[in-house]
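> Residue numbers (our numbering), protein chains in the order written: chain E, 903 to 1085; chain B, 903 to 1085.
Derived from the structure by calculation, the hints contain no laboratory data. All figures in this text were calculated on a predicted structure; none of them were measured in a lab. Incorrect hints may have been included.
Because identical chains cannot be distinguished in the list, a pair is counted as satisfied if it fits within a single copy or across any two copies.
[Said to hold, decoys possible] Listed below are the simulated DMTMM-like cross-link pairs for lysine to aspartate or glutamate, each with C-alpha atoms no more than 20 Å apart in a straight line:
#	residue 1	residue 2
1	LYS1074	ASP1058
2	LYS908	GLU975
3	LYS905	GLU1046
4	LYS905	ASP1052
Protein chains: 2
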Amino acid sequence: MKKQIKTSTHLAPVAAVLVSCGDMDVSDIVTIAWCGTVNSEPPMLSISVRRSRYSYELIKKYGEFAVNLVEREQLEVLDGCGVVSGRSVDKFKKFGLTKQACGNIKAPAIAECPVSLECAVRHTVEMGTHVMFVAEIVGATAREDWTDGDKLRIPDGKLLAYVQNRYVETGKTVGTYGFTAQK
Amino acid sequence: MKKQIKTSTHLAPVAAVLVSCGDMDVSDIVTIAWCGTVNSEPPMLSISVRRSRYSYELIKKYGEFAVNLVEREQLEVLDGCGVVSGRSVDKFKKFGLTKQACGNIKAPAIAECPVSLECAVRHTVEMGTHVMFVAEIVGATAREDWTDGDKLRIPDGKLLAYVQNRYVETGKTVGTYGFTAQK
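Working from the sequences, and respecting the hints, build out all of it.
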């Protein structure tokens, strides 16, 4: 039996990613956990950003951003980009990150992240504290060891997940979609 | 250096949850990985559902659904509810699940899942293959061992995550949001 609990943002696990935005000159990075895949064809995702964030202004202005997946070793940068404001600090410089020019958007990706998804905003949804940008993935790059030919192949155990207010490890694969139908 | 790869639904990890819908008589369950938190106050989440799904019809009709978090032991049910159609099968019966009446929505939650989030649709976004339902979490229940008073406390290692087409384990906590600011 279950009991009633206080409502909150209880869905878990979610990703925690670094979103880079602006252009190759004026840019910012923000840590986002309120994100998710929202459509298969074309591939689309959403990110939700607080209106007070400097990144919000840049994404609204450009209509583009890059979602950079983060690996376990980047935990300090992942957290750090979420607690410092881009209004006062150049986060690329502060965290020793390199701007990677994107083929399909003006925003820089983060060279040190293993995967970068180039996103173009298609819809905007206004909510209480956040604005959701629903975007199409118009380009993607990945590090050689995270690929199999021109396909992404994420290695087991490299990603972090976000559960409530905690960063947690991910581990080994325990099943593949549809495995119960093949029995 | 990174190379170009084919675009796809590359964001990871994401949650894989069981969404229950309809009412206490006519109901369905569908496995959803295209979901995410989208707003903090009020707490809101989104799920994206293919238009061909029986659950899509029920969610559209009622404007409500429950998101049920799944624990590791429920892997077979999690996968099974994603590969069987509710048009031909009563998934509560087929998978031995119990309808839990919700205090705030007509849809049944799944008693066997450790956490259930009662959701009321506030926005709908039409996309290529999927429709996104953006919903407010208007109620929540959890099993005693996943709570601390009236708050949710998700134990380490109990949740599964979804990475590309694979179910993967989650593990121990490696940091708490803001830990780099406290150094």
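> Against this structure, judge whether each hint is valid.
Here's how the hints hold up against the structure:
In the homo-oligomer, the alpha carbons of LYS1074 and ASP1058 lie at most 20 Å apart both inside one protomer (5 Å) and across protomers (15 Å), since each shortest distance falls under that limit. In this assembly of identical chains, the alpha carbons of LYS908 and GLU975 never lie at most 20 Å apart, being 34 Å within a copy and 25 Å across copies at closest. In this assembly of identical chains, the alpha carbons of LYS905 and GLU1046 lie at most 20 Å apart only when taken from different copies (7 Å versus 48 Å within one copy). Only between protomers do LYS905 and ASP1052 lie at most 20 Å apart by alpha-carbon distance; the minimum there is 8 Å, versus 48 Å within a single protomer.
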